[in-house]
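What follows is the residue order along each chain.
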Amino acid sequence: MEQIIQTLILGLALGGVFALMGSGLSLVFGVMRIVNLAHPSLIIAGAYATYWAFKLWGIDPLVMLPVAAIILAAIGVLLYKLVFEREARSAKYSEMTVLLTFATAMIVEGALGGMFTNTQRVTSPSYATDAIFIGNIFIPTGQLYAGIVSLLIISALALFLKYSRFGNAIRATTQNREAAELLGVNVNLVCIMSFAIGIGLAGAAGSLVSFVFSFFPAKHWEWVAVLMSLVVLGGMGSILGTVIASFMLCVVAAFVGAYVGATWSTMTFFLALFLILLIRPQGLFGEKPELA
Amino acid sequence: MKTNLALGLASIVASLGAPAFSQDGPIKIGASLPLTGSFSIAGQKHQQGYELCVDLINERGGILGREVELIVSDNRSDPATAINQYERFLNVDGVEAVYGTFSSRLSFPVANILARNGMVHALPAGGALRIYEQGHDNIFYFQPNAAEYVGASLAGVVRDLVPAEEAPKTVAIISADDFFANGVWSGLMGEIVTDPADGSEVADLSPGYLAELGLEVVYSERWPEEGFNDWLNLANQVRQTEPDLIIGLTASAEEAVQLTRAFDTVRATPQMVYFSQGTQAEYLEGTGDSAQGVLVHTSWHSDAPFQSLLAGSEFSNQDFVGAYEAAYGSPPDEDSAIPFAVCQGIEQAMVGAGTTDNAAMGDWLDARTKEDAVRTILGRFSWDDRGLPVEKPFLMTQWNDGELQFIYPTDEFEGVSAMSYPKGSF
Numbered sequence: 002m003e004q005i006i007q008t009l010i011l012g013l014a015l016g017g018v019f020a021l022m023g024s025g026l027s028l029v030f031g032v033m034r035i036v037n038l039a040h041p042s043l044i045i046a047g048a049y050a051t052y053w054a055f056k057l058w059g060i061d062p063l064v065m066l067p068v069a070a071i072i073l074a075a076i077g078v079l080l081y082k083l084v085f086e087r088e089a090r091s092a093k094y095s096e097m098t099v100l101l102t103f104a105t106a107m108i109v110e111g112a113l114g115g116m117f118t119n120t121q122r123v124t125s126p127s128y129a130t131d132a133i134f135i136g137n138i139f140i141p142t143g144q145l146y147a148g149i150v151s152l153l154i155i156s157a158l159a160l161f162l163k164y165s166r167f168g169n170a171i172r173a174t175t176q177n178r179e180a181a182e183l184l185g186v187n188v189n190l191v192c193i194m195s196f197a198i199g200i201g202l203a204g205a206a207g208s209l210v211s212f213v214f215s216f217f218p219a220k221h222w223e224w225v226a227v228l229m230s231l232v233v234l235g236g237m238g239s240i241l242g243t244v245i246a247s248f249m250l251c252v253v254a255a256f257v258g259a260y261v262g263a264t265w266s267t268m269t270f271f272l273a274l275f276l277i278l279l280i281r282p283q284g285l286f287g288e289k290p291e292l293a
Numbered sequence: 072m073k074t075n076l077a078l079g080l081a082s083i084v085a086s087l088g089a090p091a092f093s094q095d096g097p098i099k100i101g102a103s104l105p106l107t108g109s110f111s112i113a114g115q116k117h118q119q120g121y122e123l124c125v126d127l128i129n130e131r132g133g134i135l136g137r138e139v140e141l142i143v144s145d146n147r148s149d150p151a152t153a154i155n156q157y158e159r160f161l162n163v164d165g166v167e168a169v170y171g172t173f174s175s176r177l178s179f180p181v182a183n184i185l186a187r188n189g190m191v192h193a194l195p196a197g198g199a200l201r202i203y204e205q206g207h208d209n210i211f212y213f214q215p216n217a218a219e220y221v222g223a224s225l226a227g228v229v230r231d232l233v234p235a236e237e238a239p240k241t242v243a244i245i246s247a248d249d250f251f252a253n254g255v256w257s258g259l260m261g262e263i264v265t266d267p268a269d270g271s272e273v274a275d276l277s278p279g280y281l282a283e284l285g286l287e288v289v290y291s292e293r294w295p296e297e298g299f300n301d302w303l304n305l306a307n308q309v310r311q312t313e314p315d316l317i318i319g320l321t322a323s324a325e326e327a328v329q330l331t332r333a334f335d336t337v338r339a340t341p342q343m344v345y346f347s348q349g350t351q352a353e354y355l356e357g358t359g360d361s362a363q364g365v366l367v368h369t370s371w372h373s374d375a376p377f378q379s380l381l382a383g384s385e386f387s388n389q390d391f392v393g394a395y396e397a398a399y400g401s402p403p404d405e406d407s408a409i410p411f412a413v414c415q416g417i418e419q420a421m422v423g424a425g426t427t428d429n430a431a432m433g434d435w436l437d438a439r440t441k442e443d444a445v446r447t448i449l450g451r452f453s454w455d456d457r458g459l460p461v462e463k464p465f466l467m468t469q470w471n472d473g474e475l476q477f478i479y480p481t482d483e484f485e486g487v488s489a490m491s492y493p494k495g496s497f
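The listed protein sequences correspond, in order, to chains E and U. Taking our numbering, the leading residue of the first sequence gets 2, the next gets one more, and so forth. Taking our numbering, the leading residue of the second sequence gets 72, the next gets one more, and so forth.
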């Protein structure tokens with residue numbers, strides 16, 4: 002029983018971190034239909050900003066989190082204006098964004114490597130490797146804090162989307178871009194701001210990642226498929242779905258790792274991706290596409 | 072006018088100081104390295120090692136009077152790209168020699184291309200025994216031994232440095248499912264190494280170093296080569312078996328950081344910990360006090376008093392450390408020292424053979440003996456028929472008080488530090 006509880010705790014703790022990592026990706030797809038393969042590389046950028054703030058000035062990653070989010074959000078605005086805005090009305094927009102974001106990921110990786118070298122980094126605040134022990138069961142404080150902060154940010158985002166005027170505009174654009182435009186929503190502004198929020202979430206996730214995992218510029222390739230599987234399982238564009246999928250898959254992976262073998266735990270994400278595409282392509286909370 | 076005069080004088084002074092190279096054109100040497108992708112950390116350091124060595128050779132007059140031109144390509148940690156790039160070096164760029172790439176995963180397929188083209192294949196990394204059992208006679212490995220025999224150093228440490236009554240009795244062994252790490256695993260566990268192509272036996276390593284030490288394996292597990300994130304869960308599995316010795320065979324120093332931090336979090340308390348990676352400064356930065364007492368094998372250590380040759384002159388290990396720090400502003404580690412040694416080996420082969428003809432260079436390298444060896448900053452090298460170094464032990468190091476100390480073998484050099492034991496908590 003102890004083993005089951007421990008495995009559940011470790012799965013949930015990891016799920017909290019992945020929930021924030023995947024949320025920005027989901028938001029950006031939901032509003033703009035951009036499959037942002039560059040999202041993990043921007044998480045790494047946020048991690049680097051946090052690492053250097055900690056290294057040079059001793060700023061705690063959790064304090065640095067809003068700063069990293071704002072820096073990355075500003076980069077998001079720039080990126081959208083430079084790369085995506087002009088193609089927004091293209092008939093093959095979604096397909097094109099796959100190529101554009103793939104190229105962006107490589108450019109971000111190269112830029113990070115040029116600026117910071119390919120050396121691996123990790124931020125080490127005192128809580129990063131600490132744990133709360135209750136008998137023989139432990140809760141890792143680093144992942145606990147990361148999970149709590151992650152859920153707070155996602156809750157704030159959910160409240161913003163549900164109750165603010167701009168949030169309503171984002172949701173309207175997500176549901177039907179043309180109808181939102183007809184009703185007077187400034188869709189271009191919504192897209193810019195949504196992209197900025199999505200990339201800002203990558204920055205925030207980067208701050209958490211910086212003390213949960215070690216990282217280097219090329220690390221993002223390891224996360225692309227995992228994050229995609231979370232977003233697809235949750236339903237492309239559904240932030241709630243992504244959060245639930247993150248907890249589900251991380252818990253399942255933890256149990257697979259504990260009871261089947263570590264070799265198979267990573268496979269859980271890809272198996273889930275395969276099965277969900279086979280059985281329910283729209284994901285757990287996604288809408289079934291209408292047939293013309 | 073003054074500017075032109077100054078520039079003219081400067082160019083005259085510079086030309087007087089610069090070595091005069093032959094008119095035959097530069098010797099082109101190609102190296103395909105993983106500068107991006109999963110091996111990019113080590114790949115970039117390999118590039119630095121090669122470039123520093125070539126720069127120093129050129130400052131000293133080049134090889135056979137010719138300047139050396141290094142062509143480096145990024146293979147993105149992808150075996151197919153590495154193969155294509157070596158073929159391009161040979162068929163398009165017209166290189167006269169090559170330097171090897173990083174990791175067994177990339178070196179294994181590259182070995183066939185270079186053998187087919189009769190090129191000397193000097194490997195900085197590629198420890199899997201299978202690479203040397205393919206029957207190629209052009210391979211020369213520039214680390215002490217194949218991965219399968221790394222465990223001999225760990226066994227030596229346990230046997231020679233730990234009092235018998237305090238020796239570990241149980242072991243947990245965890246490993247990346249990686250070419251190199253799997254090789255180390257095979258040696259420790261005493262497995263039969265087979266050729267994946269036809270299933271034939273390459274080597275029978277039974278009973279294995281762990282069995283020879285009388286250690287009981289209480290936990291063994293592998294994690295996937297890429298994308299593994301569940302370090303705490305894995306560390307917790309190990310902790311629950313309460314092993315005396317933890318062996319972590321990581322594919323990179325980055326994984327060693329993740330493992331060490333995970334063991335720290337779960338409060339594992341082994342008597343002894345050995346990792347296959349973790350000599351780098353970044354490992355210490357990422358792990359802090361948790362690194363205390365961790366054993367790591369290495370091919371190079373800054374304290375080893377190796378005297379080598381570079382461009383015909385004596386060049387000590389300390390000279391290398393000084394030149395590296397001057398060039399890159401930080402101390403080197405083995406990921407830069409090993410490729411530097413490869414470059415020294417190729418230079419000595421060209422000079423020794425008096426030509427850049429690879430068949431002659433290969434014959435010259437083959438003819439090296441322990442007394443008349445290739446002399447590098449990794450020590451002296453001569454090779455057996457397979458291309459593995461003869462009688463060359465790995466160095467065993469241990470992190471103590473924030474310093475990577477050289478602890479074993481004890482009779483190789485002066486100044487060996489005492490091993491701290493037991494480790495206890497992380």
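What the hints contain is simulated information worked out from the structure, not anything from laboratory work. Treat the hints loosely; a few may be bogus.
Unchecked claim - To spell it out: a stretch of chain U is covered by chain E in this simulated footprint if at least three of its residues, at any positions, have a beta carbon under 8 Å from a beta carbon of chain E; those stretches are:
id : stretch
1  : 97-108
2  : 111-121
3  : 260-273
4  : 326-339
5  : 413-421
6  : 442-454
To be verified - With beta-carbon atoms standing in for the labels, derived distance ranges:
id : chain 1 : residue 1 : chain 2 : residue 2 : range
7  : U       : 472       : E       : 96        : 32 to 40 Å
8  : E       : 92        : U       : 473       : 55 to 63 Å
9  : U       : 297       : E       : 116       : 36 to 44 Å
10 : E       : 127       : U       : 272       : 45 to 53 Å
11 : E       : 271       : U       : 263       : 27 to 35 Å
12 : E       : 271       : U       : 163       : 35 to 43 Å
13 : U       : 486       : E       : 136       : 44 to 52 Å
14 : E       : 116       : U       : 338       : 31 to 39 Å
15 : U       : 234       : E       : 149       : 33 to 41 Å
16 : E       : 116       : U       : 389       : 26 to 34 Å
Ideal Cβ placement from N, Cα and C applies to all residues, glycine included.
Name the hints, by number, that the structure is in violation of.
3, 5, 6, 7, 9, 15
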